[in-house]
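S.K.: Read off the chains here:
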Amino acid sequence: MTSLTTTGPATSILDSPGVRFALRRGTRFVVSLWVLLTASFGMIHLIPGDPVRAALGISASQALVHERRQALGLDDPLIVQYWHYLSGVLTGNFGTSLTSQLPVSRVIATRLPATLELAVGAFVLAILVAIPLGTTMGVLTRGGRARRAELAFTTTSVVLGAIPDFVVGVVLVWLIGVHLHWLPVAGRSGPGSFVLPVVALAIGPAAILSRILRVEMIAVLQADYVRTARAKRLPARAVYVRHALPNALTSTITLGGLLLSGLVAGTVLVENVFAWPGLGSTIVSSILAKDYPVVQGIVLVYGIGVLGVNLIVDVALALLDPRSTIRES
Amino acid sequence: MVAPVTPARRPSSATRWLAVLRTPVGACAGLALFAVLVLAVIAPMRWSVRANRTDVAAMLQGPSALHWAGTDNLGRDIFDRVLVATRLSVELALLATVIAVVTGLLLGTAGVILGRRAARFVSAVVNIVVAFPGLLLALFFAVIFGVGARGAVLAIGFAGAPAFARLAQTLVAGIEQRDFVAAARIAGVGRVRILLRHVLPNIAESLIVNAAIGAGGALLAFASLSFLGLGVQPPSYDWGRLLGDGLTGIYEQPIAALAPGIAVILAGLAFNLFGESLAKGIGLTATLGRVPLGRVRRRPVSAEPGEPAADAAVLDVADLVVTLPGHGAPIRPVRGVGFRIGRGEAVGLVGESGSGKSLTALAVTRLIEEPARVDAARLRFLGADLLTGTAGTHRRLLGTSLAMVFQDPTTSLNPTRRIGGQLAEVARQHGGLSRSAALALAIDRLRAVRVPAAARRAHQYPHEFSGGMRQRAMIGMGLMGRPTLIVADEPTTALDVTVQRQVLELLESVRRDDAVALLLISHDVAVVRQVCDRVLVMYAGRIVEDLPTAELATAARHPYTRALVAAVPDMHTDLDHPLATIPGRAPDPTRFPAGCAFAPRCPLATDRCRTAEPPLETDRQGRRVACWHADVPVGPSVTTAAGGGHE
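Sequences listed follow chains A and B, in order. Counting in the working numbering, the first sequence runs from 1 upward without gaps. Counting in the working numbering, the second sequence runs from 330 upward without gaps.
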């Protein structure tokens, strides 16, 4: 983060835009985290009726319900429960599953890696496709040239971007798995099983990102500093990659961040399509089984994932375009 | 989920909404949406009996005349089931959208009703919540409201609310700035009334457009929840439910999963595209793109190509024409410009905006981009014929011997790269220097253009420089090679007056030290007079006069030049009288008048001026002028006419 260190005769460390950015962004992260914790705590109390009774069913004895409520601490005053919840989460204690009696932290620990693999894989794939594709299309179609290519690209990317990932998944299952028998369509076994879920997750974001990047490239290519770069008589590729692309990426990353946190949520659906043993299939079965502590824990993990992605996006922006640290959020 | 589309508000919305339906995409999307809605209404009435009739004899059949998409594992017709499911899918999605819009609107307009502090709190919460993906919020609310169609509607509705709240906040903030709201407030109109009478009507259009897009999102979200088994429960079914059920049997009957999938995609696209094309149609902005390295073509010349290439000249241009594609006929903002710049000579190019002077500068330096076209009878730089060869041919020559300084240093330097790197790049590219050697040279050049603390400043970004400092860095960039010509396009226009002088002095000292030629483009006669040896006056894409700067005040022959000079106040200007101006406006490049383009504004104009264009004639001293009345003595008529604009 050398680019963010103070320049000029700094009197206080707080004068540095980099430090102030870090403070501001850090505060927002902590506040968001607190809202998230409070929401996941509140979830179980917002459910109409008795969540334990709902989980155990009408046939369960009153004594069992009472015992479970006691174990969950549901009969304590709300503020005490809140305190227990917060301190529990901060020490890694997310409670116990109502159905399997396993600690929620263990459930998460066994399921999280599978979900992370999918999310990271899809993220990398989307970026690897979107950046070269968007840049190239931007260069080729700038100033209204190659109108047919532009139309084909825009139409394809709009349609691909609008198809929900689980429908893409179902189509892939049918086409590649059932029809062509090329790749396994369910479960997590071997490298081949990765391909379809990752592709299903990545297609939408890749299409939307490359479309955004194309538009941004076209705008940036009209900028004065691109003319300056051309006046330096740099080779065309240097003008596009070194001078235009970083500027086009700043806006793309902002919008792309939203897509990528959407990708975190997208794993829920795609995991259910491909019977992928991750958090997404677990949260759905837990919701159906009314296993609230597990649901709470996984919601928290997803939420933190989203907050983390947003934080990374902002830091990446700060590194890429130092001006963004000055702007007030 | 919801695009923050905030179309600019303009009158007669009905016509604009109809106009959207006339665009190809808008018409297709509108038609598809209409079909989906009609199907949603009539499908259950017509096909629900067939869709629910189980037929054990016809289980898992392939497509046939009787069952277009085959039958499912209970022998029910898949096509009918997909059609019937339209009702529930669309109905629930619309219901969820209504909840999202209403809740969002309540949250977003809370500020108008409850005051500033409440608004700030609501918007802080909304800002945090809106960062979470809709599906995650929907899952959260699905837990609270319970599994099932009702719970899913509420979940998706509330999950969509933050996005609409944010949209409403943005829109309201825009409207609240407007005068009529302030006026209503001062007049003592109540908050609720302001909201209902003044704010809502003005944001309704944007909200409706975004609701259409949002409905597409809700449709997909609902399909997602039902697919996961959290939405519609059997025996009811929507597309998501059919898709989920179909997936379990995808090996036996793939079409049972694919058909509802296609339905979801089509319906989602119909809503989305309709919303997007509405948004586009309502906030339509035409973009006129600028352009990349264009083709430079030699004009077919009849005469004078045999003229010896004056190698003493740094830049030698003859009959330069720039053509832009226009609506209908092509536009020629530069038409037949020719001049020559000798070694070490400083030439000014003056004219009003739109006279073609900047385009001329870009054309001679080969920076004009397609679709603009450059034609010339001769375009030579240091003896090299710029009309031949590709972009790469003259790269090194132009990169090292020609320096460019642009008007606005704020936008001309790359905001994402350090100053030092931007300078060093030139030496690395054209001089083959290493990274560190190039940076050392860059620091040296920054020092040469008198940037204080150059070594430290080289590591800074353009936004950390002041305007004058940036322009110095731009000039320093030009000095990375060994320029024989500096082309400066309005180099001081964006700077304030004191900095302006410093930058001009810097340009002059650079020029003197190494006998560098200068082409200075400016609208400001005073600047040109201060720096240049010779001045070219441009009007309507042509050079109308070419004379030594020293003679500008005394011996200018073209009435336009004289008017330009008269319009510059000096120490002797009588400030009790209004400053002289040139009456009328510079002609639009799309329609230059016949004859002399200046005639409509010229006090000396006669019928001849209005019909025949005067040629650019060279006199014995090498001065050039294009005017039928160039020899009419300098009379008070010009200045009178110029001042007359005020009477």
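Don't take each hint at face value.
Examples of chain B residues toward chain A, derived with CB under 7 angstroms [unchecked claim]:
1. F450
2. L576
3. T577
4. L595
5. P744
6. F794
7. P929
8. L933
Calculated Cβ distances over 12 angstroms to all of chain A for the following chain B residues [claimed, not checked]:
9. P583
10. A592
11. L598
12. G667
13. T694
14. R695
15. E698
16. L770
17. V826
Covered stretches of chain A (in silico footprint by chain B; criterion: 3 or more residues with CB under 8 angstroms from a CB of chain B, positions within the stretch not fixed) [what the hints assert, rightly or not]:
18. 16-27
19. 31-39
20. 229-235
To be clear, the hints were calculated from the coordinates, so they are not data collected in a lab. Just so you know, even glycine gets a beta-carbon here, dropped at the ideal spot from N, CA and C.
S.K.: Compare the structure with each hint and give your call.
M.R.: A quick look at each hint next to the structure:
Residue-level restraint check for F450 of chain B is violated (minimum Cβ-Cβ distance to chain A is 12 angstroms; threshold 7 angstroms). With its C-beta approaching chain A no nearer than about 6 angstroms, L576 of chain B sits inside the 7 angstroms limit, and its interface hint holds. Interface hint status for T577 of chain B: violated, as the beta-carbon distance to the closest one in chain A is roughly 10 angstroms, over 7 angstroms. Taken as an interface hint, L595 of chain B does not check out: its beta carbon lies about 10 angstroms from the nearest beta carbon of chain A, beyond 7 angstroms.
With a least beta-carbon distance of about 6 angstroms to chain A, the hint placing P744 of chain B at the interface is held under the 7 angstroms criterion. With a least beta-carbon distance of about 11 angstroms to chain A, the hint placing F794 of chain B at the interface is violated under the 7 angstroms criterion. Residue-level restraint check for P929 of chain B is violated (minimum Cβ-Cβ distance to chain A is 33 angstroms; threshold 7 angstroms). The restraint placing L933 of chain B at the interface with chain A is violated, with a minimum CB-CB distance near 39 angstroms, outside the 7 angstroms limit.
The claim that P583 of chain B is not at the interface with chain A is violated, since a C-beta of that chain comes within 12 angstroms of its own (minimum 5 angstroms). Its beta-carbon lying about 10 angstroms from the closest one in chain A, A592 of chain B breaks the requirement of being farther than 12 angstroms from that chain. Remark: the non-interface label on L598 of chain B conflicts with the geometry, its nearest Cβ contact in chain A lying 5 angstroms away (cut-off 12 angstroms). Every CB of chain A is more than 12 angstroms from the CB of G667 of chain B (nearest about 23 angstroms), matching its label as outside the interface.
Listed as a non-interface residue, T694 of chain B fails to keep its Cβ farther than 12 angstroms from every Cβ of chain A; the least gap is roughly 7 angstroms. Separation of R695 of chain B from chain A is inadequate, the least Cβ-Cβ distance of about 9 angstroms not exceeding the 12 angstroms criterion. E698 of chain B, annotated as away from the interface, has a beta carbon of chain A within 12 angstroms; the closest lies near 7 angstroms. The beta carbon of L770 of chain B sits about 14 angstroms from the closest Cβ of chain A, which is more than 12 angstroms, so the claim that it is off the interface holds.
Even its closest Cβ contact with chain A, about 23 angstroms, leaves V826 of chain B beyond 12 angstroms, as expected for a residue assigned away from the interface. Given a C-beta distance limit of less than 8 angstroms, the hint that chain B covers the segment 16-27 of chain A is violated, as 0 residues qualify and 3 are needed. Here's how the segment 31-39 of chain A fares: 4 of its residues keep a CB closer than 8 angstroms to some CB of chain B, so the rule of at least three is met and the hint holds. Coverage of the segment 229-235 of chain A by chain B holds in this model, with 7 residues showing a Cβ closer than 8 angstroms to a Cβ of that chain against a need of three.
The earlier numbered hints that this structure contradicts are 1, 3, 4, 6, 7, 8, 9, 10, 11, 13, 14, 15, 18.
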